[in-house]
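**Student:** From first to last, the protein sequence lines stand for chains H and P.
Just so we're aligned, residue 318 is where the first sequence starts under the working numbering, counting upward by one.
Just so we're aligned, residue 608 is where the second sequence starts under the working numbering, counting upward by one.
What the hints contain is simulated information worked out from the structure, not anything from laboratory work.
Glycine included, every Cβ here is placed at the ideal spot set by N, Cα and C.
Check each hint, because a few of them may be wrong.
As the list claims (entries may be wrong) - Cut-off 25 angstroms, straight-line C-alpha distance, at most; resulting in silico cross-link-like pairs (BS3-like, lysine-lysine):
| # | chain 1 | residue 1 | chain 2 | residue 2 |
| --- | --- | --- | --- | --- |
| 1 | H | Lys-608 | H | Lys-633 |
| 2 | H | Lys-644 | H | Lys-608 |
| 3 | H | Lys-746 | H | Lys-766 |
| 4 | H | Lys-717 | H | Lys-540 |
| 5 | P | Lys-866 | H | Lys-823 |
| 6 | H | Lys-766 | P | Lys-896 |
| 7 | H | Lys-684 | H | Lys-443 |
| 8 | H | Lys-627 | H | Lys-650 |
| 9 | P | Lys-640 | H | Lys-823 |
To be verified - If we take Cβ atoms under 7 angstroms as the criterion, some of the chain P residues that face chain H in the derived model are:
| # | residue |
| --- | --- |
| 10 | Pro-693 |
| 11 | Ser-696 |
| 12 | Pro-700 |
| 13 | His-703 |
| 14 | Thr-774 |
Stated by the list, open to error - Quick list of the computed label-pair ranges, beta carbon to beta carbon:
| # | chain 1 | residue 1 | chain 2 | residue 2 | range |
| --- | --- | --- | --- | --- | --- |
| 15 | P | Pro-898 | H | Glu-596 | 54 to 62 angstroms |
| 16 | P | Pro-898 | H | Arg-428 | 51 to 59 angstroms |
| 17 | H | Val-345 | P | Ala-725 | 55 to 63 angstroms |
| 18 | H | Leu-332 | P | Pro-892 | 50 to 58 angstroms |
| 19 | H | Asp-835 | P | Thr-790 | 31 to 39 angstroms |
| 20 | P | Ala-725 | H | Glu-857 | 56 to 64 angstroms |
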Amino acid sequence: MDKPFAITLDPGSSLANRTGSWRTFRPVYVDRLPPCNAACPAGENIQGWLFHAEAGDYEKAWLTLVENNPLPAIMGRVCYHPCEGACNRGQLDESVGINAVERFLGDEANRRGWQFAPPLVSSSGKRVLIVGAGPAGLSCAYHLRRLGHQPVIMEAARHAGGMMRYGIPQYRLPRAVLDAEIARLIDFGIDIITSAKVEDVESTMREGGFSACFLGVGAHLAKRAYIPAGDAARILDALTLLHDVEAGEPPLLGRRVIVYGGGNTALDVARTAKRLGAEESIIVYRRTREKMPAHASEVEEALQEGVAFKWLATIKAADEGEVMIEKMRLDEKGFPQPTGELERLPADAVVLALGQESDLSLLDNVKDIEIINGVIQVDDNKMTGRAGIFAGGDVIGGEKTVTAAIGHGKRAARAIDAWLSGRTYAPPKKPEIATFERLNTWYYSDAPKTVRPTLDLVRRQSTFDEVVGGLTEDNALYEARRCLSCGNCFECDNCYGVCPDNAVIKLGPGQRFRFNYDYCKGCGLCAAECPCGAIVMVAEEI
Amino acid sequence: MHEQPIKFYQTGTFTVGNRLLPPEQRTVQSRIKRYNSLNSGHRACQGCGEALGARYCVDAAMEAANGRLIAANATGCLEVFSTPYPETSWQLPWIHSLFGNTAAVATGIAAALKVKRAKGERRHIRVIAQGGDGGTTDIGFACLSGMFERNDDVLYICYDNGGYMNTGVQRSSATPPAARTATTPSLEGALGNAFGQGKFLPEIALAHGIPFVATATVADLHDLEAKVRRAMEFHGARYLHVLVPCPLGWGFPSHETIKMARLAKESGIFPVFAAESGEVVASAPIRRKVPVEDYLRPQKRFAHLFSPTLNLAALARLQELADRNIRKYRLLPETL
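Next up, chain P with everything else stripped away, as it sits in the complex (with noise of 0.2 angstroms):
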């Protein structure tokens, strides 16, 4: 045992805030006067994950772009319910585009403030993009690629809560294996979503060399932050994967949405790292690894793996998938 001088802090920066630790260590969520950039009022569900990674993520982008910042949003959950004609929840100026173009509507966003800025503009102003998994890694993928191809300068912020959960829970390529939706139904004896199908769009993102590539989750305020912090040092195209988690579409109880997130990463079936002009520079470690049955188990998209009977095979598979991810992306200290 050695002894840990004054640096210790209680909690540390797992907490939201931290009153022992020194202001600029700080979050910006746990500041009294917060953008609040999605306001309350929101008709998002009870517990839902993607509205508070969305006020996460643009909270940080807009304390990183002093307040001078442009969202474009893809169809989906998060533009449905927080813009129901006439009502909005957002702060800042926001375009809702179509499903699939989002990133271009960004593109030209970022192209138009260009041509101000070369008309004499002086104010600094950013460009996001964002939207879910459905309409980003599916129906928004080809604009994408082409805003990453041509490394435009927009971040770009998925939402990744594995379906397309406002129309009614049908699979996305985002769906994990094994996942029952509407679409991949697990009745009789059916496994759910296929193994194998699917993609991870992060390693799509890296393939194209842009400056940054990252994943996070909403249940580490402090590591979301310092990658959007991070993000936005750069110019170019910059890709942020957020996992949050759907109580409705997974099947949890509304309470335990950040505890999901938590044995997502936990267990590594969802890697968090971060990777610059297409290598990982940096990986989240596993602070307490649990089985990948941990994080299944709670959740009713995967009840068909445990009743009637243990499906023994399609979990050893989806353990495997996360024991590759923790050596693929080192989030053990063994590993390293």
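Bound-form chain H, shown alone (with noise of 0.2 angstroms):
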């Protein structure tokens, strides 16, 4: 007893007190699902890449990205960007200029000259027939590639691109940028057969030593419908026009030219008729505005270029000079109907952009596979009726474009390897998405969207130059950082920093944190100011 008067405990710390066993809540940290990739088509882990991008380590941006879409350049400029339509930011001011940074990676990525993260596993030696070197068929060749097998792409046109090359007009992707992602994607060890026709899927399979089959073999066919014409009427397809417009023999339209249509198609082929000198371009659609498939954000470029509309109009007839449009109105259920009211427009040309669909004569011999209205039946995992031969992008039909058609790729990927080793593909499940009321916004900077300059209307209407610019790293810095980071940690520290009892532990640079569960009492303050709403609060069972 050496303790000075009146003491007889010894000064001891609070540690002592496990404040732990007060609690009826535990937090938990938890990652969820962005909406932004929970929209993205070809399964993009966005926020992902963003988080990257934000500390300015773009080369990390970029390979985290490409572990799921081997063309952010293409996709940066040709992609409609449903990410951004998801986007929690769109609630608070702008949405993220996702798409816009997608690009600047593409191109940083170009310019330095990155190249991918070797395959994840050993070669399998297993080889992959894959018919078709559109965005369907190159992104399941490179996931095949990722994952150790041996793909090999037999395209029947000159060049690798599908639709990218002979449907997407050069104003919306350079055909430098297209070049430079394939280019990129046979360093990697793809096999790129061009002008090689599949005429029969079984036999090519079977002479060349082929594990299983992709096929991405589009959808290049344009569809017709029949409209009284006279001898002269000048009648062309959207397909064609585009397919010789690449091939550098543009036809004759005349001064005035009308497309039939109202998709995505349509609005490129009016918008490069300008461009070959074309004085009106006029698109004929038989509903409105509103009800056009088409892209929002093309139909207002193709407004501002001069391009005009005749909504709720089809074509009649025509002749040489003119074609006879009949008016039409929506019913009630929004089905157009003809009025017998018609007008005559003077046309030099007219050009058909109805749709597209598949050549698919090289199914002939193949048993098993379902083809319903020109649409390869296909299950969850892009598999036909017939065991090992799997299909993608516009030829199994829905949404026909570019990031869909990646998506299509690397599903079927995953579905080829697991089920060359014996196995059906499982998908992970996914996290709850991260919706914007679990979000406190409050922590957020304000921050308008960057818009990307557009080319000006004039030099846009004379030249295939490209129309959308590129962000500088300046913008592109900023845009990264107005991400959310929707439910998953990006490291800010609140939990770390509003803990009144210091039981939240700091693990440091890209670790994270943890709960020291012995002092936390429960009180919820960590979950209710983390920014981006990754923590939950659980009940304990008591």
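Take the two lone chains and join them into the complex the hints point to.
**Tutor:** This is the structure:
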């Protein structure tokens, strides 16, 4: 007893008092699915790659991006970015310009010569036939290669790219960008054989020793509509026109061009016609602007370029120098009905853009593949009725975009990988969506979107130069930093800071945090003040 | 719309930390090795604003004093929950004074250090005193005013939770008008605490003309740490008044402590400003203005203003108090 007078106990630390026993709810860190990722048809981890871009580590951002999509520079130009439509920031000020940052990363990779990370697993030696070097085929080949297989792409056209080359005009996708991303895939170890049309899938597979096959032949045949036409009427189809322009042999269209249809292809043709010198380029569509399947941004750009629209109209007949159109009205179900009211429009050429279908003659000798209305039927894993033959892209219908095709290719590649080893692919369970209500938006700086510069009007009407410009590094970084990181910890230290009980342990950069349940009283401040909603309070079992 | 170049940092300085900020701009609280001057295991209620505010302030003062800091602490929640014998949560030299004399005790420590320095002590040791609003604005007021008037070299920090919470939520002179406490009931049509009484101590401190006076809340850590840092640059008497919401005494869920502090600031009912040598030099502007009702409605201590009938007269008077702060401290851009 050598303690001072009246002192009987040693001084102790309050650490002896485990206040964690007070708790009735415990905080738990979670990762939710950001709405952008959920909306991406190619299944990109957008929040994941933006996280690295925010810190200015563009190469890491690009490497994270290409884990899901090998074509970011293309994607950053032609994707209709459903991610931005789903972006939670849209409810705060404006959605994050994800597509613009993606394009910046893709261009940066091309400029600096970044290469893919080597395949995840050593070579399996299994050869997979891929028919068609469009986005679906390229994506499937890339993911198969990552999984250690040897894909061989056979492409009927002279160059790889599919609709990205023969359907999308150069002012939306410069060919140097397309070529650079295809070249990187070839460097990655993918064989692309061009001018090699597959006539019969079964025999090609047998002769080439292929263990599986992916059909990504696209839809290159124009649908026709019967229009009574005089001998002198000049009627073309959209795909042939776009193909000829790409081949450097643009057709003569005259001064007044009428484009029949309401999809993106119709807009591509109308805008291309302007660039080929047409004074008037008019889109005739049987329904209204709101009902048009084309994307609003493209309609807007076409209007800016002086493309005219005839809504609620069908073409009844075509003759030399003019067409006869009939006005339509929408019935209560929203379907167009004829009114009998006719009008003549002067027209030197009519271009039909009424949709596309696939050339499926290569499947004539394949049994068990179901084809309905020209569309190959596949299961969730993109496998057809013939085991080992998979399909994706425009050939399986649905949303016919480059992005969707890339998603199909990825899913098919994973399914093929599983099938090759006798398994059935089961995708991992998706976490809950990180909804806007779960965010604490107080913590984000106010910052409206950086809009990409567009070429001035006169210049874009007469040339095939790219219309939408890219971001500079400064504004790409700014745009990336507008990401709210919905549902995924971005290490803002709020939980670590606001805990009155020091019960959050900071593990260091990139390591996130851990709760110290010995002292956490379960007050819930960390969850309430987490900006991105990455903490939930879970009831304790008592 | 203008383009904002590279200076945009996603969450800027709103969050506690930010991996995108240069290290020197990050908070003391965001560091892996922070002082944790008030350690885990203390017995404050869940979501205690005072425990949070005390760690924020003392850690920041420790940082400014290179870890050479002595604290005197008035009786009150902070003292009771941090040091039940024989345990202590404090990781710095700390003394518990009486309820009313902590300013005087700190003055004595500062005087002793002055003597020690005269006798050759070469370390630069600083002193803080801290207490709740009861120990500061009521019981300790005489000692505090004396400390101000003599300009003793002490930073006094008042954690204002608007009442004597530790002893069962009794009224203090910092309790806001119309708030229900154990001693200002709202029964039978009574309004709660009366209008026109009490005092706003930061303005009284200002009137002493001491080197530094500031207010802060636990909702804005960067602001709070900057004020502690600035205060520690001065010698002489300094006063920091921090709003620390009390889930128990105010009657709101424990996870809303910071939200309440934020609403107090954004409504203007609690003005956040800094003054040097008797003059206000800076105000923290309101970012997203809210009516004072948004701040009052979630708190049970104001429930009688909303049911059984809406007390529009009382709400209007409280709104006027907020509007007066906005004018007086220029809390909105248009009041500049």
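**Student:** The structure should be examined with respect to each hint, and the outcome stated for every one.
**Tutor:** Hints, one by one, checked against the model:
1. As the CA atoms of Lys-608/H and Lys-633/H are separated by approximately 21 angstroms, the hinted pair is consistent with the 25 angstroms bound.
2. Proximity of Lys-644/H to Lys-608/H is assessed by CA-CA distance (about 16 angstroms); at most 25 angstroms being required, the pair is judged to hold.
3. With a C-alpha separation of about 33 angstroms, the suggested pairing of Lys-746/H with Lys-766/H is violated against the 25 angstroms cut-off.
4. Only pairs whose Cα atoms come within 25 angstroms are accepted, and Lys-717/H paired with Lys-540/H is accepted, the gap being roughly 15 angstroms.
5. Only pairs whose Cα atoms come within 25 angstroms are accepted, and Lys-866/P paired with Lys-823/H is accepted, the gap being roughly 23 angstroms.
6. Restraint check for Lys-766/H and Lys-896/P: the C-alpha separation of about 24 angstroms stays at or below 25 angstroms, so the hint holds.
7. Between the alpha carbons of Lys-684/H and Lys-443/H the distance comes to roughly 23 angstroms, so the proposed pair stays at or under 25 angstroms and holds.
8. With a CA separation close to 21 angstroms, the supplied pair Lys-627/H and Lys-650/H stays within the 25 angstroms bound.
9. Pair hint Lys-640/P plus Lys-823/H holds up; C-alpha atoms about 9 angstroms apart against a cutoff of 25 angstroms.
10. The restraint placing Pro-693/P at the interface with chain H holds, with a minimum CB-CB distance near 4 angstroms, inside the 7 angstroms limit.
11. At a threshold of 7 angstroms, the smallest CB-CB gap from Ser-696/P to chain H is about 4 angstroms, leaving the interface hint in force.
12. For the restraint placing Pro-700/P at the interface with chain H, the shortest Cβ-Cβ distance is roughly 12 angstroms, beyond the 7 angstroms limit, so the hint is violated.
13. For His-703/P, the shortest C-beta to C-beta distance to chain H is roughly 13 angstroms, which exceeds 7 angstroms, and the interface hint is violated.
14. Contact between Thr-774/P and chain H, as hinted, is not supported at the beta carbon level, the nearest pair being about 20 angstroms apart and thus beyond 7 angstroms.
15. For the pair Pro-898/P and Glu-596/H, the supplied restraint of 54 to 62 angstroms holds, since their beta-carbon distance comes to about 59 angstroms.
16. Distance hint check for Pro-898/P and Arg-428/H: the Cβ-Cβ separation is about 53 angstroms, which falls inside the suggested range of 51 to 59 angstroms.
17. Distance hint check for Val-345/H and Ala-725/P: the Cβ-Cβ separation is about 56 angstroms, which falls inside the suggested range of 55 to 63 angstroms.
18. Our hint of 50 to 58 angstroms for Leu-332/H and Pro-892/P is violated, since their Cβ atoms are close to 41 angstroms apart.
19. Distance hint check for Asp-835/H and Thr-790/P: the Cβ-Cβ separation is about 38 angstroms, which falls inside the suggested range of 31 to 39 angstroms.
20. Evaluation of the 56 to 64 angstroms hint for Ala-725/P and Glu-857/H yields a pass: the beta carbon distance comes to about 57 angstroms.
Hints 3, 12, 13, 14, 18, counting from the list given before, are not met by this structure.
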